[in-house]
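Residue numbers (our numbering), protein chains in the order written: chain A, 3 to 208; chain B, 350 to 603.
Quick caveat, the hints were computed from the structure, so don't treat them as lab data.
Keep in mind that the hints are not guaranteed to be accurate.
Here are the computed lysine-lysine pairs in the DSSO-like style, where the Cα-Cα straight-line distance is at most 27 Å [as the list claims (entries may be wrong)]:
(1) A:K79 - A:K13
(2) A:K79 - A:K22
(3) B:K566 - B:K594
(4) A:K79 - A:K201
(5) B:K594 - A:K90
(6) A:K13 - B:K372
(7) B:K594 - A:K47
(8) A:K47 - A:K64
(9) A:K138 - A:K201
Chain B regions said to be covered by chain A (calculated; three or more residues, Cβ under 8 Å) [unchecked claim]:
(10) 361 to 369
(11) 395 to 408
(12) 436 to 450
(13) 459 to 469
(14) 517 to 526
(15) 578 to 586
Model, not experiment: these values are computed from the prediction.
Every residue, glycine too, gets a C-beta built ideally from N, C-alpha and C.
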Amino acid sequence: MDETPISRGFKSRRRQQDPKGRVPPGQYVTTDFPVLSAGPTPQIKVADWTLALQAGGSLAGKWSWQAFEALPQTTLKTDIHCVTKWSKLDTTWQGVTFDDLLEAAGIPEPPLPYVMVHCYGGYTTNLPVADLIGGKAMIATRYDGLPILPAHGGPARLLVPHLYFWKSAKWVQRLRFMDKDQPGFWESFGYHIYGDPWKEQRYDGD
Amino acid sequence: MTVIEAAGGTARRLPWQRASVRKIVVETPRVKSVLLHVTDWLGHRSGQHVDIRLTGEDGYQAQRSYSIASPPEDPLLALTVERVANGEVSPYLIDDLRTGDQFELRGPIGGYFVWTVADGGPLCLMAGGSGIAPLMAMLRHRERNANRAPAVLLYSSRSLEDIIYRQELDAMAEGDLGLRVVHTLTREQPIGWTGHRGRIDRALLAAICFPAAQKPKIFVCGPTPFVEDVSRFLVELGHDPLTIKTERFGPSGA
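Isolated chain A (complex conformation) (with noise of 0.2 Å):
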């Protein structure tokens, strides 16, 4: 396009700048916590709840909701954004990082490159490994203090912040490595394989 079109009159209403350096392009600060689901929010049961590492065809780790509870807890403050414009700033999270999980499946090195996370509902959504390790990853069971609420991803989502929040699977149920990167289901639909907020990854061919 030559020349970009100026809606006459159109400046922002925000009351207060954005902090520097913290809004990736093309997004904007909320307050809210807007959920947004490609289908009906399932109703998962702590009692029934597992969570499963997956490696090569086999089962590398396998936790219940207590025996999950029981492994090191990290929390997490970090900013959070979402393909749909929204990014909400310093929201904190507890739960597991990858690291620790990784850990206590007794896995000192990623077998693979890459994961497809399976989620109860039958979501996916697929990351690279390193995207996982170093503290950048967790699956977060608690938001803000308390346990995180069925539309917003809970018993358990995963929570990878420096990525588009789809990414940041709910009702996660089943960490699967792969030796090569896999479209999941966003991904499958259009949306970035990768997703990175800060260069405005959002869609396929980004």
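Starting from the known structure of chain A, arrange chain B on it as the hints suggest.
Frame of chain A; chain B shown alone:
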């Protein structure tokens, strides 16, 4: 459990395109439809959305997503915009946008919350407020193709004057025995209103929606609490969660 996984595409980048406002339709006191001409629009499927980007005189930019309300058959692209209190983009679109204005747009986006006549019926559409927009694209697509897939629209509005596309829906249903349009008014009902009152509940869904045994294709769109309630009721009524596609309009969808 069924795992949703499919092959990914390797598309070119969706380009920003110039959209020109050809017509603005007042739908309700708080809602307008903006009809856009987009040069080289490559088409879309009913249920998809677009991103729009406004640029102010000082260079300030804002992006938002809007569902497409027009079917692929129509020459102009329709976006139906509800004024969000304290919003940034929607008040501008409602109050200031004029015929002839231009802004940037890219799309279509999203391939899940989509229905085409080839998908068949029965079709079960549940709308809350301006959540009708992508569902209207489906009903218009069905109508333009003279498709007779059994379809029902259950549409929850605050009051009679808040019903979007009311006359068009009435006209559509009148000439089509396969389509049933059912309204419920949650806050205010006119004198003599014989339709449903209050929020959609399980009993109303059981009475209106096709039974689970008929495996209807279900689309639910509206504010988050509406979608959470309706989709939960549908699961409780025995519908397979994977047949229920949802789109939630968060409170910050300004």
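Here is how each hint holds up against the structure:
no. : hint            : in the structure
1   : A:K79 - A:K13   : 31 Å, violated
2   : A:K79 - A:K22   : 18 Å, holds
3   : B:K566 - B:K594 : 8 Å, holds
4   : A:K79 - A:K201  : 22 Å, holds
5   : B:K594 - A:K90  : 26 Å, holds
6   : A:K13 - B:K372  : 23 Å, holds
7   : B:K594 - A:K47  : 23 Å, holds
8   : A:K47 - A:K64   : 17 Å, holds
9   : A:K138 - A:K201 : 18 Å, holds
10  : 361 to 369      : holds (count 7)
11  : 395 to 408      : holds (count 7)
12  : 436 to 450      : holds (count 7)
13  : 459 to 469      : holds (count 4)
14  : 517 to 526      : violated (count 0)
15  : 578 to 586      : holds (count 4)
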